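Participant: For reference, the chains in residue letters:
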Amino acid sequence: MPRTTVAEFTVESLGILAPDGEVDEELVPDLSEETLRGMYRTMRRARRLDERAIALQRRGELGTYAPGIGQEAAQVASATALADGDWVVPAFREQAALLTRGTPMHAILAYAMGLEEGAAVGPDDRTLPPSIPVGSQALHAVGIGWAYAMRNEDPVALAYFGDGATSTGDVMEAFNSAGAYGAQTVFLCQNNQYAISTPRSKQSRAETLAQKAIGAGIRGIQVDGNDALAVYEATREALDHARDGDPVLVEALTYRRSMHTTSDDPRKYRQEDEEVDWDRRDPILRLESYLRERGILTDDDVAALEAELETEVADAIERAKGMAADVDPADMFEHAYGEMPPWLERQLTAFSGAQGGAVDGE
Amino acid sequence: MANELRIVEAVQQALDEELARDDSVVLFGEDVGVTGGVFRATDGLVDAYPERVYDSTLGESGIVGVGIGLAAAGMTPVAEIQFQSFLYQGFAQLVQHAARLRSRSRGGFTCPMTIRTPYGGGIRALEHHSESFEAGFAHVPGLKVVVPSSPTETKGLLTASIRDPDPVVFMEPTRLYRAMREPVPEGDYTLPLGEATVVEAGEDVTVVAWGSMLRTTLSAVDGVDADVEVVNPRTIYPLDTETITESVKKTGRCVVVHEAPMTAGLGAEIVSRLTETAFYHLESPPERVTGYDVPFPMFAREEAYLPSEERVRAGVERALSE
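Residue numbers (full-length UniProt numbering), protein chains in the order written: chain A, 1 to 362; chain B, 1 to 322.
Among the hints, erroneous ones may be present.
What the hints assert, rightly or not - Simulated coverage check for chain A against chain B, where a stretch passes if three residues somewhere in it have a Cβ under 8 Å from a Cβ of chain B: (1) 118-132; (2) 143-149; (3) 163-173; (4) 335-349.
To be verified - Sample of chain A residues with no beta-carbon within 10 Å of chain B, all distances over it, derived: (5) Val28; (6) Leu139; (7) Arg205; (8) Glu237; (9) Arg243; (10) Glu274.
As the list claims (entries may be wrong) - Partial list, computed: chain A residues near chain B (C-beta under 10 Å): (11) Leu14; (12) Ala18; (13) Trp87; (14) Gln137; (15) Ala157; (16) Asn176; (17) Ser177; (18) Gly179; (19) Ala183.
Just so you know, the hints here were simulated from the structure itself, not pulled from any lab data. None of these values were measured; they are calculated from a predicted model. For each residue, glycine too, the CB sits at the ideal point set by N, CA and C.
Model the full assembly from the supplied sequences, consistent with the hints where possible.
Facilitator: Shown next as structure tokens:
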């Protein structure tokens, strides 16, 4: 038997709006001015929320917070491509995606203040609470996408995770099982170059992370993650495939411009020239110049948005603080089980007595 | 109508009836489809419900994690883990997500998933196929843990577990799968989770045992010269403390039997609860007859590890001697 090549693979990369402003008109997605303005607005909202959240954390008013500064295009543009019935399965840095999906700002802040209320889910919500264990949530998106495939229904689950997550067994299991089950799932890997302090180069010897899809027999594509137009287009195509039972991994090349969380200091593990380089590729400025050039956005619009944002963030902070002030500690017993087991009920009674409060249900 | 069934057949009947009753029930796990499971517990179900019975990909974290997603999207997943020891690979998903989905989403999403898994030694299996980790699962708030010991309990408790709104680890005693037959109620039949049963009434000493150890215990106490009460919790969490307490208040003596290691095993929890609820009724120190604090040995030594009838009898006699 001779040696032969039994399979060959390529990985496609997509960019539409270059850092220098050049646009590939042929590839520009068909988006209304309203949608484009909406994406820009949500990216700005997310940036402002993150900036204020870091400041609040420094003042001790918030717990550990994971900002997504620099990743707004990867999140907002991908979430904008979703249909109403689709699901978002986030990691813990997805404020921008959550805002796109309608999660109110005060809920995000409440969660960061240590309140489960911030992850409360309404009857029609299709956003899972943030997943802290890295990569574990990719499997949940497979289960959701598989459920819809089984029921011959349209919705797709969009899972977010970072470059570090692609080293986990769960993410590799997710790619593989999504393919095997024909799950209606899109994996959106935000390759932001660092898993806390570990650079992408140490994360995997693979040339791209998109190619990790190939081993699972599913589609993989790389996209310029700071290019909102390209992220939107790549996600839209991926969602179309996923709706037909072909899961897709989209690797969005981006950069986490701030810290991993408010607990670490990126100066210890990053080079300044690298940071400056990525500053120049800021996703918000890039979309802004595109919109200004086309007359979709004016100086007045930007000024008005800035004022509006200050009010929105201030209101959200006040509302979250109000929730924190009203916290009922006995509430932690409420949602452990559908029906409270007797032993737990006794613990609640003891707890309520110890707190000097009324015993629940009496 | 009641057919004589073995435990493994009671599993199959419960699954069959729940698949028929509820379109949201979906069965998946390694080899559960065409082969009908390594113990044949799902035999024939893929033929009857080809759209809802699946041979899953191999990987226990994936099985549990995917089940969580199915549940969030409105399905009722019933997953099989071929052997309990391999649920360790899915333990992170169980602890970090399945058990917390309800509380993290404030009741917005729930995880009505049942994870069926054979457990326990005594079948001369290869390494890593014989552990009994019920105390570990019971230590995770948000999970329920159920261990049947007979065909009837299997049918009733498995049906109740599938209908339960929370994640249930359903541990089937491997060595009892084909050990006995008994008439099992056909059709809709459930046993409530969280309720113990007094298997044998007695006045002198209470023995608490579940799963395969219940059989060992019943044989062992047959030869004891005393009036022994045997209590089977059936559910490890929630644990029916009341029934155990009432029994011990009556007998004044207690022996807990389990095949899991002694340290931090469920016996520790039961004895601890009894010191809270029945301390002044105790006439002798509570006894534990358990596996040893060693890795479960390979099968040449497993009989030496597992509590035998002799060890149970000796434990009962120690409890009676003071």
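Participant: Run every hint past the structure and note whether it holds.
Facilitator: Cross-check of the supplied hints:
Given as covered by chain B, the stretch 118-132 of chain A passes the check, having 10 residues with a CB less than 8 Å from a CB of that chain where 3 are the minimum. Check result for the stretch 143-149 of chain A against chain B: holds, 6 residues qualifying (beta carbon to beta carbon below 8 Å, three or more required). Here's how the stretch 163-173 of chain A fares: 3 of its residues keep a CB closer than 8 Å to some CB of chain B, so the rule of at least three is met and the hint holds. By the rule of at least three residues with a Cβ nearer than 8 Å to a Cβ of chain B, the coverage given for the stretch 335-349 of chain A holds, with 9 such residues.
Distance to chain B confirms Val28(A) as a non-interface residue, since its nearest Cβ pair spans about 34 Å, more than 10 Å. The beta carbon of Leu139(A) is not kept farther than 10 Å from every beta carbon of chain B, the shortest such distance being approximately 3 Å. Consistency note on Arg205(A): stated as away from chain B, and its beta-carbon is indeed over 10 Å from all of that chain's, at 23 Å minimum. The beta carbon of Glu237(A) is kept farther than 10 Å from every beta carbon of chain B, the shortest such distance being approximately 23 Å.
Non-interface status of Arg243(A) relative to chain B is upheld: no Cβ of that chain comes within 10 Å, the nearest being about 15 Å off. No beta-carbon of chain B is positioned within 10 Å of the beta-carbon of Glu274(A); the least distance is around 33 Å. Because the beta carbon of Leu14(A) sits about 28 Å from the nearest beta carbon in chain B, more than 10 Å, this interface hint is broken. The beta carbon of Ala18(A) comes no nearer than 37 Å to any beta carbon in chain B, farther than 10 Å, and the hint placing it at the interface is violated.
Of the supplied interface hints, the one on Trp87(A) holds, with its beta-carbon coming within about 8 Å of a beta-carbon of chain B, less than 10 Å. Because the closest C-beta pair between Gln137(A) and chain B is about 8 Å apart, less than 10 Å, the hint holds. Hint on Ala157(A) holds. Least Cβ distance to chain B is approximately 7 Å, under the 10 Å limit. At about 6 Å, the closest approach between the beta carbon of Asn176(A) and any beta carbon in chain B falls short of 10 Å, and the interface hint on this residue holds.
Restraint check, Ser177(A) versus chain B: the minimum CB separation of about 4 Å is within 10 Å; hint holds. Residue-level restraint check for Gly179(A) holds (minimum Cβ-Cβ distance to chain B is 9 Å; threshold 10 Å). Among the interface hints, the one on Ala183(A) holds; its C-beta lies about 8 Å from the nearest C-beta in chain B, closer than the 10 Å criterion.
When held up to the earlier numbered hints, the structure conflicts with 6, 11 and 12 and fits the remainder.
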